Amino acid sequence: MKDIGTHLFLFVLASTAIVAITTMLAEPDDATARRVFSHRWRKFMLTSGAVALVMILLGYTLASI
Numbered sequence: 049m050k051d052i053g054t055h056l057f058l059f060v061l062a063s064t065a066i067v068a069i070t071t072m073l074a075e076p077d078d079a080t081a082r083r084v085f086s087h088r089w090r091k092f093m094l095t096s097g098a099v100a101l102v103m104i105l106l107g108y109t110l111a112s113i
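Numbering of the sequence shown is given in the working numbering, commencing with residue 49 and proceeding in unit increments.
Since the hints were derived computationally from the structure, they do not count as laboratory data. As the structure is a computational prediction, the values presented were derived from the model and not from experiment. From the three backbone atoms N, C-alpha and C, an ideal C-beta is built for every residue, glycine too. Don't take each hint at face value.
Claimed, not checked - Distance windows between CB atoms, simulated: (1) Met93 - Leu73: 16 to 26 Å; (2) Ala98 - Gly53: 18 to 28 Å; (3) Arg83 - Ser112: 17 to 27 Å; (4) Ile52 - Thr80: 27 to 37 Å; (5) Ala62 - Arg83: 18 to 28 Å; (6) Met72 - Ala98: 37 to 47 Å; (7) Ser86 - Gly107: 43 to 53 Å; (8) Thr80 - Leu106: 31 to 41 Å; (9) Phe57 - Thr95: 15 to 25 Å.
Throw the hints in and build the complete structure from the sequences for me.
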């Protein structure tokens with residue numbers, strides 16, 4: 049688990065790019081896209097964190113069986 053900071057930085061960078069592109073393509077108006085970007089980014093980060101937590105918990109649970 050070394051370089052966790054680097055991996056987290058790269059994940060945040062890539063997820064920001066993904067959310068920015070999909071927001072610009074989904075919203076017809078730039079002002080609307082700027083307004084909803086932060087909500088979509090937070091939602092993406094929280095759901096990604098939840099998926100990672102479930103994967104870690106399942107890994108520990110299934111590894112002990």
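Results of checking the hints against the structure:
1. Met93 - Leu73: 16 to 26 Å: 19 Å, holds
2. Ala98 - Gly53: 18 to 28 Å: Because 21 Å falls inside the window, the suggested range holds.
3. Arg83 - Ser112: 17 to 27 Å: Taking Cβ atoms as reference, Arg83 and Ser112 lie about 46 Å apart, which means the hint is violated.
4. Ile52 - Thr80: 27 to 37 Å: 36 Å, holds
5. Ala62 - Arg83: 18 to 28 Å: 23 Å, holds
6. Met72 - Ala98: 37 to 47 Å: 25 Å, violated
7. Ser86 - Gly107: 43 to 53 Å: 31 Å, violated
8. Thr80 - Leu106: 31 to 41 Å: 38 Å, holds
9. Phe57 - Thr95: 15 to 25 Å: Roughly 19 Å apart at Cβ, these two residues keep to the hinted range, so it holds.
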